[in-house]
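> Those protein sequences? They're chains A and B, same order as listed.
Per our numbering, the first sequence runs over residues 1 to 103.
Per our numbering, the second sequence runs over residues 1 to 247.
A few of these clues could be false.
[As the list claims (entries may be wrong)] Sample of chain B residues with no beta-carbon within 12 Å of chain A, all distances over it, derived: (1) H2; (2) E4; (3) R10; (4) R179; (5) R181; (6) A222.
[Claimed, not checked] Residues from chain A that face chain B, not an exhaustive set, calculated with beta carbons under 10 Å: (7) S2; (8) V3; (9) C11; (10) G13; (11) L22; (12) V34; (13) P42; (14) L49; (15) F55; (16) R67; (17) L71; (18) F84; (19) V89; (20) I90; (21) A91; (22) G102.
Think of the hints as simulated: they come from the structure by calculation, not from any bench.
Every residue, glycine too, gets a C-beta built ideally from N, C-alpha and C.
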Amino acid sequence: MSVWWAVAVTCVGCYLLKLSGLAAPRRVLEHPGVRRFAALVPVALLAALIAVQTFGHGQQLHLDGARTAGLAAAVLALLFRAPFLAVLVIAAVVTALTRYFGM
Amino acid sequence: MHDEIRHDRRAAIRDGLGVGIAVGVSGVAFGAAAITAGLSVPQACALSLVAFTGASQFALAGVVAGGGGLVAGTAGALLLGVRNSFYGLRLAVILEGGGRLRRLLTAQGVIDETTAVALAQPNAAAARAGFFTTFAAVYLMWNLTTLLGALGASQVSDPAVFGLDVVGPATFVALLWPRLRGDERTPKAETARIRLIAAGGAAIALAATPVTAPGVPVLLAATAALVVMLLPEQSTEPEQNAEEASA
Chain A
1 MSVWWAVAVT CVGCYLLKLS GLAAPRRVLE HPGVRRFAAL VPVALLAALI
51 AVQTFGHGQQ LHLDGARTAG LAAAVLALLF RAPFLAVLVI AAVVTALTRY
101 FGM
Chain B
1 MHDEIRHDRR AAIRDGLGVG IAVGVSGVAF GAAAITAGLS VPQACALSLV
51 AFTGASQFAL AGVVAGGGGL VAGTAGALLL GVRNSFYGLR LAVILEGGGR
101 LRRLLTAQGV IDETTAVALA QPNAAAARAG FFTTFAAVYL MWNLTTLLGA
151 LGASQVSDPA VFGLDVVGPA TFVALLWPRL RGDERTPKAE TARIRLIAAG
201 GAAIALAATP VTAPGVPVLL AATAALVVML LPEQSTEPEQ NAEEASA
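Next up, chain B with everything else stripped away, as it sits in the complex:
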């Protein structure tokens, strides 16, 4: 019994290190994208140190690159960060205990990767080990590579020559991909809805771009999620075929 728990914990730590290092390295992409967008090296590093949630960081950089709309851009970055609140809710049971200070530190680690690793573990002890290992590995790597990417890109006079301007959108495609593809555990109708939301969000944002300030189109796109959420179950069926043909 004891051996089994120790074995589970070791497996969780291995998972955490693997995910942490693989994902943490992509901080180099954020660092480069931030500089390409016009942020300074200290601004890029501050975001990785304190905000420490990739999608929001890339989103803010994108708005700065688009030239303005900082209020709407900041709101968009924060809206993307809302999902971390829900991760926190799910992790609260696993991570409770310790004093207030520990909770303040633990909170910073509540992101996509740590949640994925923690919730994949067979028991609470392994989940905790997985969470903290992933947190430590991602945090160290993400910040180190942000600095390297930012310094590297700031040495280059025009980062667009190296195609670095595509790194932001490519990151979002990679983050979105698993949900668009779906898996065995997700019902087909749910995957169809998710594709509908993605198509709707993109369409709304493009339609709004010429008529609203930069940053606002992305906020408006959130309504796609709201509309599809409120659709009755069956009304997504006809769209399903169209979506699959274009996917």
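Next up, chain A with everything else stripped away, as it sits in the complex:
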């Protein structure tokens, strides 16, 4: 599967998922179990993405000190209720600085 195929399938699929909610047969989507799963599944996926993108490198696990420091800074910024974009900038700056100073 080339990257363009992955991009195309993601594009079309994401759009159809949106459309399906607006035009769906109510019975399926209104099932309480299905609704509950849809509300909870992003939590598991997002947490998994954070873990894998921070500590994973292909199929290996390794601790990237700079990236971990940046992520810790993001959490700290969130604790202080920093706005969304500020959180991202702080994370990137801390990662860059940690890397620059060779930690």
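Got chain A; can you put chain B on it based on the hints?
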């Protein structure tokens, strides 16, 4: 009465513009992260134009960066997009009317931010105004800033020097944060469950990383949601303290 409705609509439009511009600007982060991951500028822009749902876009970029597993990566991106179907279901009543073409266009706007703004409004007219304002503002800003971020990052020989590789995971932390923190309207037991799901999802993904193709660990993590969902109410109590100590 009429004045009140007009006032509500104006307030909704203000909300929409505020949220739209603030969130839309972070397209720059996606553009940069996509290029850092190895996507091209047209690929980054295609995702923002057509997929137009941040978490899925970042997820796909992350899998490309991890080097492969595109089928599983695409499945993960789509699974993240499933929540938009449920937003659509909730918004369908508010947004109905107009022809088929209008529904096809409206569907593209069904995302986290537009849903949040629309559902926060006091009446249907304000909800519609909020939805379409947020949609227009986010769509324009997100696509413009994706292009800028992608072009900017492609000028840099090694984006990791600027710490841009942390932008993807930091975005996910920021998206997840409100649910981990909880609020007054969410029961404590529910917040505890959400933390349990997050911890379980992360643990499953890390455990699966060495033994499965890239992209698959994130899909497997979905089982954490399923397991916690099926737990009887009380069994989350003992974990609650442990979770809070580590949070």
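> Next step is simple, just say for each hint if it's right about the structure.
Each hint, compared with the structure:
1. Listed as a non-interface residue, H2 of chain B keeps its Cβ farther than 12 Å from every Cβ of chain A; the least gap is roughly 30 Å.
2. Consistency note on E4 of chain B: stated as away from chain A, and its beta-carbon is indeed over 12 Å from all of that chain's, at 29 Å minimum.
3. At roughly 24 Å from the closest C-beta of chain A, the C-beta of R10 of chain B stays outside 12 Å, upholding its exclusion from the interface.
4. The claim that R179 of chain B is not at the interface with chain A is violated, since a C-beta of that chain comes within 12 Å of its own (minimum 6 Å).
5. With 12 Å as the threshold on Cβ separation, the claim that R181 of chain B sits away from chain A is violated: the shortest Cβ distance comes to roughly 8 Å.
6. At the 12 Å boundary, the C-beta of A222 of chain B falls inside the reach of chain A, the nearest C-beta of that chain being 5 Å off.
7. Residue-level restraint check for S2 of chain A holds (minimum Cβ-Cβ distance to chain B is 8 Å; threshold 10 Å).
8. Here the hint on V3 of chain A is kept, as its CB sits about 6 Å from the closest CB of chain B, short of 10 Å.
9. Hint on C11 of chain A holds. Least Cβ distance to chain B is approximately 4 Å, under the 10 Å limit.
10. For G13 of chain A, the interface hint holds, the least distance from its beta-carbon to any beta-carbon of chain B being 5 Å, beneath 10 Å.
11. Taking 10 Å as the C-beta contact cut-off toward chain B, the hint placing L22 of chain A at the interface holds, the least distance being around 4 Å.
12. Among the interface hints, the one on V34 of chain A holds; its C-beta lies about 8 Å from the nearest C-beta in chain B, closer than the 10 Å criterion.
13. Satisfaction of the interface hint for P42 of chain A is found here, the shortest Cβ-Cβ separation to chain B being roughly 5 Å, below the 10 Å cut-off.
14. Against a cut-off of 10 Å between C-beta atoms, the interface hint on L49 of chain A holds, since the closest Cβ of chain B lies about 5 Å away.
15. Checking F55 of chain A against chain B: minimum C-beta separation of about 6 Å stays under 10 Å; hint holds.
16. At its closest, the beta carbon of R67 of chain A sits 5 Å from a beta carbon of chain B; the interface hint therefore holds under the 10 Å criterion.
17. Look at L71 of chain A: its Cβ gets to within about 6 Å of chain B, closer than 10 Å, so that hint holds up.
18. Taken as an interface hint, F84 of chain A checks out: its beta carbon lies about 5 Å from the nearest beta carbon of chain B, inside 10 Å.
19. With a least beta-carbon distance of about 9 Å to chain B, the hint placing V89 of chain A at the interface is held under the 10 Å criterion.
20. Restraint check, I90 of chain A versus chain B: the minimum CB separation of about 8 Å is within 10 Å; hint holds.
21. A cut of 10 Å between beta carbons decides the hint on A91 of chain A: the least distance to chain B is about 4 Å, and the hint holds.
22. A least Cβ separation of about 12 Å between G102 of chain A and chain B goes past the 10 Å threshold, and the interface hint is therefore violated.
In the structure shown, a violation is registered for the earlier hints numbered 4, 5, 6 and 22, in ascending order.
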